[in-house]
Amino acid sequence: RKEVEQDPGPFNVPEGATVAFNCTYSNSASQSFFWYRQDCRKEPKLLMSVYSSGNEDGRFTAQLNRASQYISLLIRDSKLSDSATYLCVARPYGQNFVFGPGTRLSVLP
Amino acid sequence: SAVISQKPSRDICQRGTSLTIQCQVDSQVTMMFWYRQQPGQSLTLIATANQGSEATYESGFVIDKFPISRPNLTFSTLTVSNMSPEDSSIYLCSVELAQTHEQYFGPGTRLTVT
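Chains A and B, in that order, give the protein sequences. Quick note on the working numbering: the first sequence kicks off at 44 and runs consecutively. Quick note on the working numbering: the second sequence kicks off at 13 and runs consecutively.
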C-alpha cells in the first residue's frame, strides 16, 4: 500500500463547478500536510498547508481528518486556470516528505 | 517563500556521459533535496543534500551514480553519472523552510539521454 494515495482522476468539470479531492495517508506519525499544484512541464508549487483546524484561501479549502487519516481539498467556482495536477503531501515527524501520485483536474469551458 | 534557480534548464546528453545540475537558493536553508520525476509520475526523492557532510540517499539511489555536493547553505549540485536512456527525466531541487516546513521547488532540469 502506498504511503499517500489519491484518486488519479482525471476530473473533468465545467467552469464554475465545485470539485473535491481526497487523499489518504498510511503513516499515523504524519504531522505536516500540504497541497501542491503542478502545471504541465512545470515544477510543483505550494498551494496551501493543511492545518488541523482546516484552512481556507479564497476559493480553496483544505481539511484534515487525523482520525481517518485523510486530507481533502475543495475548489469552489472552478476556473479554467485551475486545470493542473494536484499533489497531496504528508510528512511524518523526522522523516522526508511523501508525495501522492497526484490528481489531474481539467476545467472545461 | 524561497526563490530557487536551476541550471541547465534542459539538456540532451549522450549515454555514458555525465551531467552536473546546479541549484541556487536566494537565502540560507538547512534542508535541500533532489527529486526525480518521470513523465506522468509523481516525485521520487533521490537524496537529501547535507551541508558539510555526505548526502543521505534514498533506497535505490547511490552516491556513485548521483554524487551530490553541498558546499554552503545556498547551493547544491547533483551529478547524473554514466547516463543511460533510463535516466531521462526531470530533476528538481527543493528546499524546506525551517519555520513553516513548507517545501519550495526549483524550475527543474529536463534531461534527455540518447
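Treat the hints as calculated values from the structure; they're not laboratory data. Here the structure is a predicted model, which is why all the values come from computation and not from measurement. Hints may be right or wrong, so weigh each one.
The calculated lysine to any residue pairs, modelled on SDA-like cross-linking and capped at a C-alpha distance of 20 angstroms, are [to be verified]:
#1 A:K88 <-> B:T112
#2 A:K88 <-> B:S39
#3 A:K88 <-> B:L57
#4 A:K85 <-> B:L123
#5 A:K88 <-> B:L109
#6 A:K88 <-> B:R82
#7 A:K88 <-> B:S17
#8 A:K88 <-> B:Q49
#9 A:K85 <-> B:E108
So, going through the hints one by one against the coordinates:
| no. | hint | result |
| --- | --- | --- |
| 1 | A:K88 <-> B:T112 | holds (15 angstroms) |
| 2 | A:K88 <-> B:S39 | holds (18 angstroms) |
| 3 | A:K88 <-> B:L57 | holds (16 angstroms) |
| 4 | A:K85 <-> B:L123 | holds (14 angstroms) |
| 5 | A:K88 <-> B:L109 | holds (14 angstroms) |
| 6 | A:K88 <-> B:R82 | violated (24 angstroms) |
| 7 | A:K88 <-> B:S17 | holds (14 angstroms) |
| 8 | A:K88 <-> B:Q49 | holds (14 angstroms) |
| 9 | A:K85 <-> B:E108 | holds (19 angstroms) |
The structure fails hint 6 only (numbered hints given earlier).
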